[in-house]
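Model the full assembly from the supplied sequences, consistent with the hints where possible.
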Amino acid sequence: MAVNSIEKAGIIGFGFAGELHAQVLRESISPENIHIYDLSSAKLEEAKKIGHTTYYDLEQFLSTKPDIIITAVPPSENPNLIDAIANANSTKAILIEKPIALDADSAWQIEETLSRAGIFSMAGLTGHYHPEFKAARQLIGEGVLGSVRSVIEQIHQGGPDFPPHYVSFEYGGAIKELGIHTIDHLHFLLDRNDWEVSIVRGARSF
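With the working numbering as the guide, the letters of the sequence shown map in order to residues 26 to 231.
Errors might be hidden in some of the hints.
Taking lysine-lysine and the DSS-like style, the derived pairs with C-alpha atoms no more than 27 Å apart in a straight line are [as the list claims (entries may be wrong)]:
1) Lys159 - Lys74
2) Lys73 - Lys90
3) Lys117 - Lys90
4) Lys33 - Lys74
5) Lys123 - Lys73
6) Lys117 - Lys159
7) Lys74 - Lys90
8) Lys159 - Lys33
9) Lys117 - Lys33
10) Lys73 - Lys159
11) Lys68 - Lys201
12) Lys33 - Lys68
13) Lys68 - Lys90
Label pairs and their in silico Cβ distance ranges [claimed, not checked]:
14) Arg162 - Phe194: 28 to 36 Å
15) Asn112 - Phe194: 23 to 31 Å
16) Arg174 - Phe145: 29 to 37 Å
17) Ala113 - Val169: 19 to 27 Å
18) Asp92 - Gly166: 15 to 23 Å
19) His206 - Asp130: 48 to 56 Å
20) Lys73 - Ser53: 16 to 24 Å
21) Phe145 - Glu221: 25 to 33 Å
22) Gln163 - Ile200: 24 to 32 Å
23) Asp92 - Glu71: 18 to 26 Å
Calculated directly from the structure, the hints in this document are not laboratory data. Being a predicted model, the structure only gives us computed values, none of them experimental. Using N, Cα and C, we set each Cβ at its ideal position, and we do this for glycine too.
Below is the structure:
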């Protein structure tokens, strides 16, 4: 579903990621047609000042039946949220901010719920549209770099503006929150999804 075909969007969670999604949506949708659900009155006040329609009650939010819903909340909350969205028959498309869950069982539960409800879905991950990713994929596909069998990556905790809660327990810590980008990159670059983390060493804060 292209952004320009969306008339009404819903965002659950108006934190760091939720605000970014709203910013992009405002390029194509009027602010009042971007509905925000959050349990923080301060965040709802911020959204209201921009012109968004806000909700403190999830049932009322879902009753508006947006064309797409974006969940931008800690992954621990996603299984119950996805159940509520599916049961309310509230949308046909959903974008789930990464990581979608804290463990594989919860991720499979989400996948089954969405499939059963016939809801199109995707995880919000990273920017494969960048030229360097496309160039690297082409070089690897042509065999210029040989066969990639393993990758060593240093996962950091971002700069001074990086939200500290992203590396908290409720987000799964640095490996699940940030390391998932590495798995996503490998999937895109090599068209394989069988990568796994084998060794984790010496985590530290910066």
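>> Are any of the numbered hints broken by this structure? If so, which, sorted upward?
In response: Those not satisfied are hints 1, 6, 8, 10, 17, 18, 19.
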